[in-house]
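Trainee: Sequence:
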Amino acid sequence: MLKKYCATLLLTAVFGVAQVYADGTRAAIASAHPLATAAGFEILDKGGNVFDAAVAVSATLAVVEPSGSGLGGGGYWLLHREQDGFETMIDGREKAPLAAHQAMYLDKAGKVIPRLSLDGALAAAIPGMPAALVHLSEKYGRLPLADSLQPAIRAAQTGFAIGERYRKLLKVRSEVIKKHPQTAQIFLTDGNVPEAYSILRQPDLAHTLKQLADSGRDGFYGGEIADKLVDGVNKAGGIWTKQDLAAYQVVEREPVKGNYRGIKITSAAPSSSGGIVLVEALNILSGYDLKQADELTRKHLVVEAMRRAYHDRALYMGDSDFVDMPVKRLLNEDYAAGLRSSLRSDKALPSAMLSGEIQPQPEGINTTHFSIIDENGSRVAATLSINFPFGAGLVADGTGVLLNDQMDDFASLPGAMNGYGLVGGVANAIAPGKRMLSSMTPTFLDDGNHVAVLGTPGGSRIISMVLLASLDFAKGNEPDSWVQVPRFHHQFMPDVVEYEKGAITANELTGLAAMGYQLKEARYNYGDMQAVQWNKTTHQLTAASDRRGEGRAVVGR
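Counting from 34, one number per residue, gives the positions in the sequence shown under my numbering.
Quick caveat, the hints were computed from the structure, so don't treat them as lab data. The model shown is predicted, which means the values in this text are computed figures rather than measured ones. Honestly, I wouldn't trust all of these hints.
Straight-line C-alpha distance at most 30 Å; calculated BS3-like pairs for lysine-lysine [to be verified]: (1) Lys569 - Lys79; (2) Lys212 - Lys243; (3) Lys212 - Lys268.
All chains, please: the whole structure from these sequences, using the hints.
Mentor: Rendered as structure tokens:
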């Protein structure tokens, strides 16, 4: 399916789209892939609004960035409609199959079977992406769904040139993909990672997208495609049924709201933990003047805020349709003041001293994000995922749909820590029809003069990345600065500060170690933040794409 081609001609052709609304309104889009950004502007040029553009960008990312998202995955779409101030979050997170149960990844001795929740059919939850695209188009868009899906269908049918990031992530999962011939036929060349700038064509995925375009949700969750999905999953050892697909529904949720030093925060609600942890950490930090603090003290305070907020994530958070969470308390500024009272300016608090019975909660690192805003202020922040790179490594034969491995995001066994060291409580235990907890954090920030739209992939590190970018926004910096902020991270357990190379100076490392911190340099720079900003007075738009990735940010003129 892959052929070596002259990529330059192809890229020149696809970038030749208009970058302005048909009615002349300007817009800004930042996404993790140039073709997805171009798809959004193509739909705007046809007369669509930002929500139609979000459908186009989402669907195109599902084609051109199969390592991060896809029709076999899910995500969260945070929406703001400027004319009436309406805001909502579309929860398109995957759900556990109805046959799922707490012990499904344990052996007879009650121990976790390695990689069973990561690789292959049993790792796959019921996808939410197709239902979310239909819902977003029909309820909030101007154009027919079929129009908004055309760029994705074209990219799947005619193909696109793969880049180095694609090849790097494919190498990570190539051994799993080789176990499934129908998947290897699509993504590998004679069992090997294809050369850079080879052309990836996905005709089966194009057919599935056409079914979705023609028949709406029934084109995926019923009929021919549903039959193939269930058959493919079960032949590979999975537990899906047609009832699972027919029963899937997206949910609209009230976004999480907060305030940090005059900045209004709007972010993701459960089943994502992102918004609550972000606001809780900012509430803790609101008691300090970080602008006046030296860099060592500032990093210390930020890490301690991360520690406490991530601890509450582990202890309390899950699918709000299944568990009661103390959301009002976690978002309360007085509660944050109580947490702040345990924070010493000269010493780290060991995580073991924080209370609560904790259970494990893994989370994959590969996701995608895009941000859209127009000069009138309507906007979308969307974070999408299939969990690990290339999901479960399995494509249901005849569909082109790469299945997620989001079941790994549940807590499978009390007391065991996963490979990423992220822990969780009983609130995130496996249950039939339940959504697994996420760290995805699509976010809006509004300081009265500027509106920011941002988010990033990165698994458990998503929230800390958005936190650091939010603090950079509070300094008055622009999008290009937010997405390039040097990153450091603490997630309660393991009790280690992880940092990008150069993010913490040698003197700061010495100072933090003296305070009692364990520090670890990350093996690679992480994240792929996409951000746009709107000036409410001048209507000026700015956009930036993280240079750690291969995305593209464009302001239409």
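Trainee: Of all the hints given earlier, name the ones this structure violates by number, lowest first.
Mentor: No numbers; nothing is violated.
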